[in-house]
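Assemble chain B onto chain A, guided by the hints.
Those protein sequences? They're chains A and B, same order as listed. Counted from 1, the first sequence has number 104 at position 104 by my numbering; the numbering is strictly sequential. Counted from 1, the second sequence has number 36 at position 36 by my numbering; the numbering is strictly sequential.
Hints are computed from structural coordinates only; laboratory data are not their basis. We put the beta carbon where it would ideally sit given N, CA and C, even for glycine. The reader is advised that the hints may include incorrect statements.
Simulated crosslink set (SDA-like; lysine to any residue; CA at most 25 Å straight-line) [stated by the list, open to error]: (1) Lys39/B x His139/A; (2) Lys64/B x Arg148/B; (3) Lys44/B x Thr130/A; (4) Lys57/A x Arg80/A; (5) Lys64/B x Arg48/B; (6) Lys44/B x Gln76/A; (7) Lys44/B x Ala62/B; (8) Lys57/A x Arg17/A; (9) Lys57/A x Gly43/A; (10) Lys39/B x Asn176/B; (11) Lys39/B x Pro133/A; (12) Lys39/B x Arg113/B; (13) Lys39/B x Gln76/A; (14) Lys39/B x Gly180/B; (15) Lys39/B x Ala46/A; (16) Lys64/B x Thr48/A; (17) Lys64/B x Arg80/A; (18) Lys39/B x Asp68/A; (19) Lys39/B x Arg17/A.
Which bits of chain B does chain A cover? Going by a derived footprint, with three or more residues having C-beta under 8 Å, they are [to be verified]: (20) 51-60; (21) 169-177.
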Amino acid sequence: MVSLPEHLQAKPVGRRRLAPEVRAEHQRERILDAATRVFAERGFQAATIDDVVAAAKVGVGSFYDLFDNKADCFVQAYSRIAADARERIAAAVPAEAPWPEQATAALRALLELIEAEPLRAKVALVEVQTAGPEALTRHEETVDAVIPLLARGRAENPALDDLPTHLEEAIVGGLAWLLQQRLAQGEFEGVDAHLPDVLEIAVVPYVGREAVPELIAGAGRRDEGGSSSAAAA
Amino acid sequence: MARHRAAADPAAAGRPERGDARERIVAAMVELVAERGYKATTVKQLLRRAGVGRADFRRHFAGKRACFLAVYDELAERFAASVLAAFEAEAEWREGLRAAAYAAARWVGEHPREARFATLETMTAGDFAAERREATLRRFVDLVDAGREQLDDPGAVSRAMAEGVVGGVLGMLTRNLRRGAGGRPEDFVPELMFLAVRPYLGIEAAREELTTPPPRVVGAEPVAGRG
Chain A
1 MVSLPEHLQA
11 KPVGRRRLAP
21 EVRAEHQRER
31 ILDAATRVFA
41 ERGFQAATID
51 DVVAAAKVGV
61 GSFYDLFDNK
71 ADCFVQAYSR
81 IAADARERIA
91 AAVPAEAPWP
101 EQATAALRAL
111 LELIEAEPLR
121 AKVALVEVQT
131 AGPEALTRHE
141 ETVDAVIPLL
151 ARGRAENPAL
161 DDLPTHLEEA
171 IVGGLAWLLQ
181 QRLAQGEFEG
191 VDAHLPDVLE
201 IAVVPYVGRE
211 AVPELIAGAG
221 RRDEGGSSSA
231 AAA
Chain B
1 MARHRAAADP
11 AAAGRPERGD
21 ARERIVAAMV
31 ELVAERGYKA
41 TTVKQLLRRA
51 GVGRADFRRH
61 FAGKRACFLA
71 VYDELAERFA
81 ASVLAAFEAE
91 AEWREGLRAA
101 AYAAARWVGE
111 HPREARFATL
121 ETMTAGDFAA
131 ERREATLRRF
141 VDLVDAGREQ
151 LDDPGAVSRA
161 MAEGVVGGVL
171 GMLTRNLRRG
181 AGGRPEDFVP
191 ELMFLAVRPY
201 LGIEAAREEL
211 TTPPPRVVGA
221 EPVAGRG
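One chain only, chain B, in its complex shape:
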């Protein structure tokens, strides 16, 4: 098995320098899909970018679609785990949600290709990916929807509100990715918090969010200031 990849690929940053064939295929899939989209990506290109043979690919994945879904699942799991951990580290819903929002924004800022893969490309890849994407989003809807416990009458707001909040956030994210708009994802968090808090804690609490600074994160990796 070729241990060395083809020489200097400018897209190599972020790819595991070493590691097994599977890891390299996963990394190559993320890169290629982020660069040219799912449909335009071929298995042949994947093999070249990953520096592996077809047999290696076949050993791990049944085909391009299976590979795409496996990569999506891994990314979604890592993303959700870091966001949910941030939420659970706080005692209160509002603080938890804010911590989760910043964790999500940092992840997107640090993993722009993965973010593009998991949102925009997963959306346009086809129906087969939509179900997975929705399962991931339901976990975030649950977080927002937990805000209903803050209401005197939890029945006053329906779950649809939380879906609207998450859908709105997703829409803003994909739109910005599509347009290559600048700005750090963290900068959007106060507005997102406004949207998420308003239905449950009222407009005054929502306005406070617009001027609430980010929580201090112990041991957080610095955000790569590129792009």
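Chain A extracted, bound-state conformation:
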């Protein structure tokens, strides 16, 4: 018999039985969801704590129990979006595939996330720019985490041992900016519209432009195998 993990086992439920920390967590999630919507729709600068608590249908006191101020609420909303995105993108990357396919899968997953959750994308890519120094620092950390993953592409072509040391930093900066621009101007046109540009910026420096059509096609038809180049790794 499979038994449920302890925290899922039947227990007398009901509001009064919930531990205070569980209730606080529910409340926090509820406020962060509302804050994400408010920040995306109104912009961080224009949004007020009143907007957030109204959207979350909680009292101002509940807000201040959990957050220091608007900027703190933003940082927490941002961190949650970034952590979810990291997790979901990682899950989309085939573990055994060669780097170009992994990078393509990751970038496609990123674009899919943006398409599926435009409000969260706007918060994480656009509003983060104006949400204060702590938000910018968090955003830099998110972006920095991508750098070593991208740098693995250097191994694709040993002849390119003299690639610039800041190449990856510039690539992620360029990608972030491009996506930010498209979202800010409401010009995000879907995964297929942007994948070629994104690959040109992030993958072509390592593997050349010739590889792109196959990478784009390959990411869609994974089941046909593709072990030819995997053996090299």
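Quick look at chain B alone, frame taken from chain A:
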């Protein structure tokens, strides 16, 4: 009108010694925003730093935001003019871009406060400034995007590539300003040229850029070696 500023302010370097109230307000705005950010800067501080009265301020600017935007426009115009002039002085795209990159790097090196004002602080000041910043950046995207004419098939690379290059450069610049990282801006140019040239002229041309020395600039002001 007070002609004299309050005594010895260590931040006075670079401020016009004389000049009209407007110039002094502009200089004070750049300094204060670079020092403490747009939001923390108040009109009262501006008046004190500039040594002007509120009426003088009102005569030139409707308020703090209008002043900020006017200062941004002036800085962006001066910066863009020097960069575009360097580009246009060369016959070829690649040489033009390199000259433009060095002109931009020299400007940043010589005007660290202005650079901070126009990039980092303009970014964080709020949505009202973003539009201006993007209009400036579009001019530089145009320069990079002109590289498509170097391709047999200009349709092989989209404008998004040029946006990626300019965005990447901007990201590196703001990151370095935020961290107060050392190094002369000129030292980054070969890498930036690698990034800009690679999509249009290929990886070999891009690698050449890593070892290409700066162009000789006739009549360029020496870079102040401080910082």
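Hint-by-hint comparison with the structure:
no. : hint               : verdict
1   : Lys39/B x His139/A : holds, 20 Å
2   : Lys64/B x Arg148/B : violated, 41 Å
3   : Lys44/B x Thr130/A : holds, 24 Å
4   : Lys57/A x Arg80/A  : holds, 20 Å
5   : Lys64/B x Arg48/B  : holds, 14 Å
6   : Lys44/B x Gln76/A  : violated, 34 Å
7   : Lys44/B x Ala62/B  : holds, 14 Å
8   : Lys57/A x Arg17/A  : holds, 22 Å
9   : Lys57/A x Gly43/A  : holds, 20 Å
10  : Lys39/B x Asn176/B : holds, 21 Å
11  : Lys39/B x Pro133/A : holds, 12 Å
12  : Lys39/B x Arg113/B : holds, 16 Å
13  : Lys39/B x Gln76/A  : holds, 22 Å
14  : Lys39/B x Gly180/B : holds, 20 Å
15  : Lys39/B x Ala46/A  : holds, 14 Å
16  : Lys64/B x Thr48/A  : holds, 21 Å
17  : Lys64/B x Arg80/A  : violated, 35 Å
18  : Lys39/B x Asp68/A  : holds, 19 Å
19  : Lys39/B x Arg17/A  : violated, 45 Å
20  : 51-60              : violated (count 0)
21  : 169-177            : holds (count 5)
Hint compliance for this structure: hints 2, 6, 17, 19, 20 are broken, all remaining hints hold.
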